[in-house]
Every structure is written in C-alpha cells, then in structure tokens.
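> Chain by chain, the residues run as shown.
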Amino acid sequence: MGMTTSNQTLDEILALAAVHFKVPREKLTPDDDFFKALGINSLQALDLLTKLENHFHVELPDYELQGVSDFRTLANRIQARL
Amino acid sequence: MSLHREPCNEIGSQTLDELEKFVATLERLEDKAHALIIYSDVKSGFCAGADLRELYRRSREMARTDAARDVREYLERIHRVMNAIDASVLTTIAAVHGVTFGGGLELALVCDLIIADKMARFCFPELRLGLIPGFGGIPRLKRDLGNAVVRDLLLTGRSFNTTKAQQIGLVSQVVGEGEALRVARATAAQLGKFDRRTAVAAKRFIKPIPYEELLQEIDIFCELFTRPAVEDGLRRFVESTDPQPYLP
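Going down the list, the sequences are from chains A and B. Each residue of the first sequence is one higher than the one before, starting from 11 at the first, in the numbering used here. Each residue of the second sequence is one higher than the one before, starting from 487 at the first, in the numbering used here.
Here chain B stands alone, though its shape is the one from the complex:
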C-alpha cells in the first residue's frame, strides 16, 4: 500500500476514505499474499499524521457538540482501519522514511515490523496541541515498549531519530537513505518461505490487540478535544507563519 498525498500524506477525510477501501479488500488479498508493505511515495516522509488543518476547519464550522460527535466518528473510522491492519493475517511491514509523526507513527505501529531509513524522524507531538494521540498510539506503544520510554515520548512530545527508535525497540531494521522499501521487500520475500498457518498462529499469539484501551483512548481524546485550549493550539498551528510550526 503506497501513500501518495502531498505534502506528507496527512490523514484527512479523503485519505481515510481510501484507507477504508483498501482495508475492505484486505480479506481478499489474504488468500493471494503473505505480506503487506506500507510505504510512502512522497519525498518528505512516511506520514505527518492527522490533517490538522482539515480537523480545525471542520470543528470551526460546527457547534461544539456536533464537532465532538464528528471527531468521535472520525476516530472510530480510523480505529477500524488501524485494527483491521493490526489484526490482518498478513505479515505487515512499514517501510518508513522522513517525517513519521503522530498518526503516521500510529499507522507504522500497527505493522508487525518497522523498517526505517536512517533519515526517518519519529514524534508524538499531540500533547503540544493539548491532545493525546488518537489513532491507537498509546495502547500500541504500551504493548510494544517499556512504560518509561512511552512516558518520555508522549510527555515530552519530542521528535527522535532512527538510531533512538531502534534503541528503544520501535524499529527492527535501520537502512541507508532510500533503501527502506527494497529491504522491506527482501524481508517479505524471506517471510514468504515460512509456513503460513504457523506464521498466522505465531502472530496471533505474540501480538494481542488492546481493544479495551483503544476504546478508552477515543473517550479521552474526545473529552479533551472540545476544550478551548485545543482549539487555541490547533489555531496556532494552522495559522502559524513561524518557520518552525512543527516545533512548538
């Protein structure tokens, strides 16, 4: 699955529609394929996360209660997509480069393996906007990493490079610039030699999906979203002419 929306594959309603269509075909693919690679065709990176400009615009156009309902529907849709990829019987690989922020990192986190270009950069910047990650990031980080690391990444909201990402166990392989997709394909070819039923049984055993916490995350996000501080944060981000809007 290639992501190909400039400037950096922001996930708004159009991308979400396309992700839903892709996920609807996943079951059919499961009979023909053994692996799924998710990568970006966009030079700037894998994915910069939710389309904050669209989110802000939509919430501004609605009454507060309608905006809350709208964002919950959006999150429930994106969670269905993420959960379907997470639970797929295919072995899933995110081949990432450049910006892998927020919802983009959450998309990578649903995959079984992350293979990263050494120029990739990761971040959960949501707290800088008065929010928490809303695409399933916290439960999946907690599933995959130690709690001290999760606190560091979330509470500081700082971005970090591939070396750090591999040190903390987020990234399985670090590769040279422009090599992530090639290495992901080579890895997928290797996995194709294994018995499928065994691979599926192993994945189910080692990768539980934290459904209960995922629902809690939606509740917390929606509770936070309607506060004026969030609207202010989003407005500052959207309207910023600062040369560093990604570094609030």
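The following block holds chain A by itself, in its conformation from the complex:
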C-alpha cells in the first residue's frame, strides 16, 4: 500500500462504514457521530473497529477510541498508525 493521506483514510472509513452497516454513503459526513449516523451500539462499534483494522492492516487498541465518536477523529487515530 502506498502513502495514504488523511483525506483518503477518512473517505475509505466512510465508504466501509456505509457498506458494512448498510447506510447510504451520501448520508455520512466526517463530523457525524458514528453511533448515531450508523445507528450502532458499542458491540457494533467494535465490529467497525475490526473491519477498519483488517482493511488498513493496523492494530488500534480500543482505549484509543475512548471518547471518540466522529469519523474524522477516528480517521486521525488510524492515520497515526499507518
């Protein structure tokens, strides 16, 4: 995988979340609360984390997501591990 920019990472997260939780991509924006926008609970959020770790080939300890609920901050956390 080549160098991925923050915007690319964010776009890929939004696309993956939309497909995985069957939400139209155009309804998701970077600053959305992903719990609300995707209609998910904490267990499903772990599902999202697993999906993202598999996609980006990174390991993101769940405590790094404490208090994180918007796609943009999530992308920054992942970007920091790429």
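Worth double-checking, as some hints may not be accurate.
[Said to hold, decoys possible] Distance condition first, Cα-Cα at most 25 Å in a straight line; then the derived DSS-like pairs of lysine-lysine:
(1) A:46 / B:529
(2) B:604 / B:529
(3) A:61 / B:604
(4) A:61 / A:46
(5) B:679 / B:518
(6) B:529 / A:32
(7) B:604 / A:32
(8) B:529 / A:61
(9) A:61 / A:32
(10) A:61 / B:650
(11) B:693 / B:628
(12) B:650 / B:529
Calculated from the structure, these hints are not laboratory results.
Chain B: place on chain A using the hints.
Okay, now just chain B, sitting in the frame of chain A:
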C-alpha cells in the same frame, strides 16, 4: 454444543445450569464421538463472558460475606465445567465469531483448537473492572502463550482482532466471515480419520491442566471481588448509558 442466549451468550446461572447438564453427558458422548465443536448461534458473537448484570444484582442482594461465598460457589461450578471440557478425551474445537470476551475467551481457551472468523474480537477486560479473569483464563493463557503476551492482554485489557490472535498463537485458523463452523466441521472430519487411542494419548501428553494455578485463581478472584472498587466498577458498567460501555 451451541450457545444460543441473547444478547451474547452471557454466562449467568441459567447458562451455567445448562453447561453443567451438557458436561454431565460428555462421558456418554465420548463413546460415540471423536470431536466436540463449541459455537454460537447468536449473531453478535461467541460469548461476552460472565453475566455481569446478574453478578452485580446478586452481590447487591447479599451481605458481603454471603456474596463472597456465592461468587466462590459460582466460580467452583464454572471451573468444574471448564476443567471437564479441557480434560475431555474428545478433540475440542471452538468455532468463534464476533465478541469473544472474558469468560467467553476462557471457554474458547479450554478447547484444543480455536477456529476464528476474521471478524472475531477477543478481550480480557476484567482488570478494567478491578478483577482478574475468573474462569481459568490466566493459567490457560500461561499454558498456551508466552508470558509477555499474557501480560499485554491482561494488563492492558485491550481487545484485539483475529489477525493478532493468530500471530500470538491463540487461534489456529482464520477463516472468512460466517465460515468458522463449516471449517471446524471439516477439521473435525479430518481428525476422525486418526486412531482414537493415539489422539487421546497425544492430547494428555501435550495439554496438561494447571489445577493448582486454577485454584489459586479462584482465591485471588474472591479476595478481589469483595472490595468496594469492584462493586463500583460493576455498578458503572451495569448502569452506564455511555455508548461505549465495553470500552471503559
């Protein structure tokens, strides 16, 4: 053996009763079968571990000394179940997907092999509640993995995915989403071609059961359980309206 209690096969008194009944039939199965597969019919995962809500409710209803006795009895019962599956002459396979946390991971750990869906997620979150794993997790982790890995998993309490689980030697096969049970059955069919007496002798030789440490674990858990910090931790978990109660 299928686990089928919503939301995620939490192990409370009812599930424990059923596990005990299953284990009581294990010896009879040993004459008819060569393998045991443990899997979950519940979409969210294999098993989220002990039913913390029931544990909290029961301990609240009792005086502290009675609560300590109650939790020890509960742990001794679950240990008998876990030890019986661990020592079974059947070759045991956990086919896991989704949430495989705490006591759920400990249930998988008693099996000879773990076959995991790539969306499975593992965790020993007990330290986040002021406890240690109580269903035999630490002695079995120490038996199966390197001590540095055990410290990482226990002391951080972080969850990890199937790729990591295979890297550290916890999971034997990683399979696509929804494929764990099928692959477990195919693996069991392959094992059925081998001579049973040899398989049983090999298992006894390579998989010792750490009985002494298992008893120590119960003692440490019970000693920790009656502290106010644990009650606070359990209460925070049970009463939490936070969207991330699994990520304290």
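> Each hint needs a verdict: does it hold in this structure or not?
For each hint, the structure was consulted:
1. This hinted pair checks out: residue 46 of chain A and residue 529 of chain B have alpha carbons roughly 21 Å apart, not beyond 25 Å.
2. As the CA atoms of residue 604 of chain B and residue 529 of chain B are separated by approximately 14 Å, the hinted pair is consistent with the 25 Å bound.
3. Distance check on the hinted pair: residue 61 of chain A and residue 604 of chain B sit about 9 Å apart at the alpha-carbon level, within 25 Å; holds.
4. Between the alpha carbons of residue 61 of chain A and residue 46 of chain A the distance comes to roughly 18 Å, so the proposed pair stays at or under 25 Å and holds.
5. A C-alpha spacing of about 14 Å is found between residue 679 of chain B and residue 518 of chain B, which places the hinted pair at or below 25 Å, so the restraint holds.
6. Restraint check for residue 529 of chain B and residue 32 of chain A: the C-alpha separation of about 16 Å stays at or below 25 Å, so the hint holds.
7. Among the hinted pairs, residue 604 of chain B with residue 32 of chain A is consistent with the structure: their alpha-carbon atoms are about 19 Å apart, no more than 25 Å.
8. For the proposed pair residue 529 of chain B and residue 61 of chain A, the alpha carbon gap of about 16 Å is at most 25 Å, so the pair holds.
9. With a C-alpha separation of about 14 Å, the suggested pairing of residue 61 of chain A with residue 32 of chain A holds against the 25 Å cut-off.
10. The hinted pair formed by residue 61 of chain A and residue 650 of chain B meets the criterion: a straight-line CA distance of about 13 Å does not exceed 25 Å.
11. Note on residue 693 of chain B and residue 628 of chain B: the hinted pairing holds, with a Cα-Cα distance of about 12 Å set against a maximum of 25 Å.
12. As the CA atoms of residue 650 of chain B and residue 529 of chain B are separated by approximately 22 Å, the hinted pair is consistent with the 25 Å bound.
Hint violations for this structure: none, all hints satisfied.
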